[in-house]
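K.L.:
Quick mapping for you: the protein sequence lines, in order, are chains B and H. Take 15 as the starting number for the first sequence in the numbering used here and just add one per residue. Take 15 as the starting number for the second sequence in the numbering used here and just add one per residue.
Don't read these hints as lab results, they were simulated from the structure. There may be inaccurate statements among the hints.
Since the list gives no way to pick one copy over another, a pair counts as held whenever it fits inside one copy or between any two copies.
Distance condition first, Cα-Cα at most 30 Å in a straight line; then the derived BS3-like pairs of lysine-lysine [what the hints assert, rightly or not]:
#	residue 1	residue 2
1	Lys160	Lys251
2	Lys24	Lys127
3	Lys59	Lys160
4	Lys64	Lys323
5	Lys59	Lys354
6	Lys323	Lys47
7	Lys59	Lys79
8	Lys24	Lys251
9	Lys64	Lys47
10	Lys350	Lys28
11	Lys29	Lys251
12	Lys80	Lys251
13	Lys47	Lys127
Since this is a predicted model, take the numbers as computed values, not measurements.
2 protein chains.
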Amino acid sequence: MNSPSYNSLKLISKKLGVSPTTVSRVLSGQAQKYRISPETEKAIKDFAAKENFTPNPIAKGLRLKKTLTIGLVIPDIANPFFAGIASQVVNVARAHGYAIVLCDSEENPALEKQSVDLLWARRVDGMILCPVGQTSDHLARYAREKRPLVLVDRVFPDLGLACVSTDNFNGAKTATEYLLDNGHRRIACLQGMPGTAPGQARVSGYTAALRARNVPFDPRLVAGDSFGEQSGYLDTKLLIQAAPDITAIFAMSNLLALGALRALGEENRRVPADVSVIAFDDQPYLAHLAPPLTTVAQPHLEMGAAAVKLLLDQMRSPANALRSGLLLPTSLIIRKSVQKIN
Amino acid sequence: MNSPSYNSLKLISKKLGVSPTTVSRVLSGQAQKYRISPETEKAIKDFAAKENFTPNPIAKGLRLKKTLTIGLVIPDIANPFFAGIASQVVNVARAHGYAIVLCDSEENPALEKQSVDLLWARRVDGMILCPVGQTSDHLARYAREKRPLVLVDRVFPDLGLACVSTDNFNGAKTATEYLLDNGHRRIACLQGMPGTAPGQARVSGYTAALRARNVPFDPRLVAGDSFGEQSGYLDTKLLIQAAPDITAIFAMSNLLALGALRALGEENRRVPADVSVIAFDDQPYLAHLAPPLTTVAQPHLEMGAAAVKLLLDQMRSPANALRSGLLLPTSLIIRKSVQKIN
DNA sequence: CAATTTTGCGCAAACGTTAGAGTTAATTTT
DNA sequence: AAAATTAACTCTAACGTTTGCGCAAAATTG
């Protein structure tokens, strides 16, 4: 009943009366190169197919120093933003024959470092990292060593590493302009985690838009310390106390927007009648909120796909691959959470 | 500048004047067993720590036939339900020293089979699979071979495999009873993908609740063919045409509920004033919808954690590990999408 | 002090591949 | 018909570990 289960070249080769080398060469598509006769080739291929034998990738990895594996480190796979990126990374990688080893850094720089080290220790061929975003010391070394590595989202532009991010500056600028176009002047900004590249770029976009329209920038309207729902809730509460005259909130993530919505509800401010809201990063559910949220959409899928492609480039030629920042455009998705005033 | 980078036992042993064997034994914690002197042990450990050397896991895997790797196959990592499970799988697995190789079957049985085969071919020590749910032929063989394998969510109870799922029957029964308690009699049911264990169990719970209260079961009120938003939207549209007198909709997933909400909005039926809605599976955003959705919550995190633990059991003793179904309780989270009528 | 036990370690083989350098027999060239 | 070429393989070593067995030196025993 149980098939003999041929699980090594040696067994197969014995069965077929050829050498392991020959089997290896046929199965790795090198039959031509090494002049294996068509008959032998067919016999081996047929037998391997019948017994569905695949050369042991572990042994292969040892011999070839290639594991056909890519490491992926993400701050929180349960966050839909990162899940979207991961989904595309997995799919594009598979299309190129690579498997993904997934690590979750839980938004924790120490765990991130540990994960990165673990993955290199496991001899992944390359790595895609969505950094937590606060420190980059542990990456400088790998940048110097020119290991195949691509940063996504919370990038560090000055490290000489390949990066994929969205055009956070212009995304935020456009969204702010949209609020200004609708007559808003007192626009609060929930900034997310300070010191991260996306956070800074978004706030810059916000202030740039204000400046261009000669709307005074009020630093008290910029608040928040993380991208999570808690910060959205709390800082909106505080904001309403400190500046009751705000007519709009620009939340730098969709979780922040969710928190802001909760706070506004409790304070009996209606959206958009009393306060307009724009979020950052589109998610399917935003269209179903009350009201449907206007938001700055980021191309998740493209980000994941681009990261894998940049990485494949590096893996092909570690020395002279492009190591620069790729900036993907955002788009403003207008729904019903912004109201024209004045 | 570049450190010598000791990357093999041989190099380390040469440097320290001992044999590779000794280094291996110390670094694998077998110093005691093989009577390595404390001084030698310390010297080796210190040196390894300083150069942060770890024995090559690939070579280790080849020799030991263990990869310290678990395969995880998921129908769609971008779906928050599965992302939640994955998150916990990754974290618990890491806590036990295992890395996760992630595959996405894209809700496609063929891709699922391919992923499963790929993972075994890569010599994962065990696998956690959230099956697409339609066919199980490709799993029977692995069940017979007693490979470490745990099914999650869309389980096949009769395969002799370890399974983790939620108590879909009672979850649906309780939710339906809640609707009945609120006076609803014409309750539509968006069933999700027919033929899957969760789908069937949920519909059974629904009909069981009706029967227990002597409410006639109308098969025309059960509709739908997948768990996605599209089905929720379309089938709600059709349902409203076919049975305009429905006062409640029980959606067997949160995406279905989202679709239903969209359809109801278009048809100018207010929720919950005209139609009450209950969803299945809680997600953070459900609390922020208009209205906040009452839903049957599933313990995602526990599901992932339980799956890893069952798997670890099997990997420790493949022969006599528990191979049965684990049923986790659901809880009804009451928000504002159900209204009392009559 | 000879015999035995213990201590501390090394040797060699094996895990399953693969690349380069042979090797043999058949075919072609001159 | 001898020499050269080509076809079709095989042999060997190496990738970096781990483990059973072996062995010299030191320590203990009688």
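K.L.:
For Lys24 and Lys127, with the copy left unspecified, which applies at a CA distance of at most 30 Å: within, between, both, or neither?
P.N.:
between (41 Å within a copy, 27 Å between copies)
K.L.:
At most 30 Å between alpha carbons: which applies to Lys350 and Lys28, within, between, both or neither?
P.N.:
For Lys350 and Lys28, the Cα distance exceeds 30 Å both inside one copy (71 Å) and across copies (70 Å).
K.L.:
My question is about Lys323 and Lys47: at a cut-off of 30 Å on alpha-carbon distance, are they close within one copy, between copies, both, or neither?
P.N.:
For Lys323 and Lys47, the Cα distance is within 30 Å only inside one copy (29 Å; across copies 48 Å).
K.L.:
Can you tell me if Lys160 and Lys251 fall within 30 Å by alpha carbon in one copy, between copies, both or neither?
P.N.:
neither (46 Å within a copy, 56 Å between copies)
K.L.:
When Cα atoms must be at most 30 Å apart, do Lys59 and Lys160 count as within-copy, between-copy, both, or neither?
P.N.:
between (38 Å within a copy, 28 Å between copies)
K.L.:
Checking an output row: Lys80 and Lys251, CA cutoff 30 Å. Within, between, both or neither?
P.N.:
neither (53 Å within a copy, 53 Å between copies)
K.L.:
Checking Lys47 and Lys127: alpha-carbon separation at most 30 Å within a copy, between copies, both or neither?
P.N.:
neither (43 Å within a copy, 32 Å between copies)
K.L.:
30 Å Cα cut-off: does Lys59 pair with Lys354 within a copy, between copies, both or neither?
P.N.:
neither (69 Å within a copy, 68 Å between copies)
K.L.:
Under a CA distance limit of 30 Å, which applies to Lys24 and Lys251: within one copy, between copies, both, or neither?
P.N.:
Classified as neither: same-chain Cα gap 70 Å, cross-chain 62 Å, threshold 30 Å.
K.L.:
At most 30 Å between C-alpha atoms: does Lys64 with Lys47 qualify within a copy, between copies, both, or neither?
P.N.:
This pair counts as within: shortest intra-copy Cα distance 24 Å, inter-copy 45 Å.
K.L.:
Under a CA distance limit of 30 Å, which applies to Lys64 and Lys323: within one copy, between copies, both, or neither?
P.N.:
Neither. Shortest intra-copy (34 Å) and inter-copy (35 Å) distances fail the 30 Å Cα cut-off.
K.L.:
Since the copies are identical, ignore which copy is meant and state whether Lys59 and Lys79 lie within 30 Å (CA to CA) inside a copy, between copies, both or neither.
P.N.:
both (25 Å within a copy, 26 Å between copies)
The structure fails hints 1, 4, 5, 8, 10, 11, 12, 13 (numbered hints given earlier, in ascending order).
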